[in-house]
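K.L.:
Start from the sequences, fold in the hints, and give me the full structure.
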Amino acid sequence: DAGITQSPRYKITETGRQVTLMCHQTWSHSYMFWYRQDLGHGLRLIYYSAAADITDKGEVPDGYVVSRSKTENFPLTLESATRSQTSVYFCASSEQGFSNQPQHFGDGTRLSIL
Amino acid sequence: GEDVEQSLFLSVREGDSSVINCTYTDSSSTYLYWYKQEPGAGLQLLTYIFSNMDMKQDQRLTVLLNKKDKHLSLRIADTQTGDSAIYFCAGGKTGANNLFFGTGTRLTVIP
Numbered sequence: 001d002a003g004i005t006q007s008p009r010y011k012i013t014e015t016g017r018q019v020t021l022m023c024h025q026t027w028s029h030s031y032m033f034w035y036r037q038d039l040g041h042g043l044r045l046i047y048y049s050a051a052a053d054i055t056d057k058g059e060v061p062d063g064y065v066v067s068r069s070k071t072e073n074f075p076l077t078l079e080s081a082t083r084s085q086t087s088v089y090f091c092a093s094s095e096q097g098f099s100n101q102p103q104h105f106g107d108g109t110r111l112s113i114l
Numbered sequence: 001g002e003d004v005e006q007s008l009f010l011s012v013r014e015g016d017s018s019v020i021n022c023t024y025t026d027s028s029s030t031y032l033y034w035y036k037q038e039p040g041a042g043l044q045l046l047t048y049i050f051s052n053m054d055m056k057q058d059q060r061l062t063v064l065l066n067k068k069d070k071h072l073s074l075r076i077a078d079t080q081t082g083d084s085a086i087y088f089c090a091g092g093k094t095g096a097n098n099l100f101f102g103t104g105t106r107l108t109v110i111p
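Chains as they are written, first to last, in the working numbering: chain A, 1 to 114; chain B, 1 to 111.
Keep in mind that the hints were calculated from the coordinates and are not lab data.
Idealized CB from N, CA, C, for every residue including glycine.
Worth double-checking, as some hints may not be accurate.
Straight-line distance between alpha carbons at most 25 angstroms, and here's what the computed DMTMM-like set of lysine to aspartate or glutamate pairs gives [unchecked claim]:
| hint | chain 1 | residue 1 | chain 2 | residue 2 |
| --- | --- | --- | --- | --- |
| 1 | B | Lys36 | A | Glu95 |
| 2 | B | Lys36 | A | Asp107 |
| 3 | B | Lys36 | A | Glu59 |
| 4 | B | Lys70 | A | Glu59 |
| 5 | B | Lys67 | B | Asp54 |
| 6 | A | Lys57 | B | Asp3 |
Listed next, the stretches of chain A that the computed footprint assigns to chain B, with coverage defined by at least 3 CB atoms under 8 angstroms from CB atoms of chain B [claimed, not checked]:
| hint | stretch |
| --- | --- |
| 7 | 42-53 |
| 8 | 102-109 |
P.N.:
Structure follows, in structure tokens:
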């Protein structure tokens, strides 16, 4: 089925470990985004990408790394996980830029860092 | 940046109307969105409104925008138990890098 898929759905890891969250979309959307959802904060943008090989920081990029070698994939890596990065992570995509196109969301990855 | 505020909780009885409110600080927001998040799922776009509109209606959903007061609301008519979810308002500006989300309002529909 076409859409946007995230993997894994759930992940438990330890502080200091590297962990990569995957995001794949089948619409060939130009823009892709990573958000984290925390109680009391709503969704906060971590990184976004306007096209393959073009990425930029969002509101809370520290501790995260992204890449986009192919249009359909946008992995998010926590190079050395910390407890403060325990959160639910959402990937989204849109055909064009932020404001005039709706964003389509994946079902999220619930990440727990012990 | 932009602050987008919502009340955290709302409870209504099945069949009643629900009104979810949102206030924002940046008056230059060009587009304002409402998203719905069901348990364990991502955000689903419900509707959006351009800043040059006062109202938009889509079946049971009515969006009202008061630009002077920077206030956005989502009215759900004849609320059903399937409407129980978290509702997020979000604002975006043309050419801006961020889409700013509110904290979300958890709507509980009581049978």
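K.L.:
Which numbered conditions among the earlier hints are violated in the structure presented, ordered from lowest to highest?
P.N.:
none
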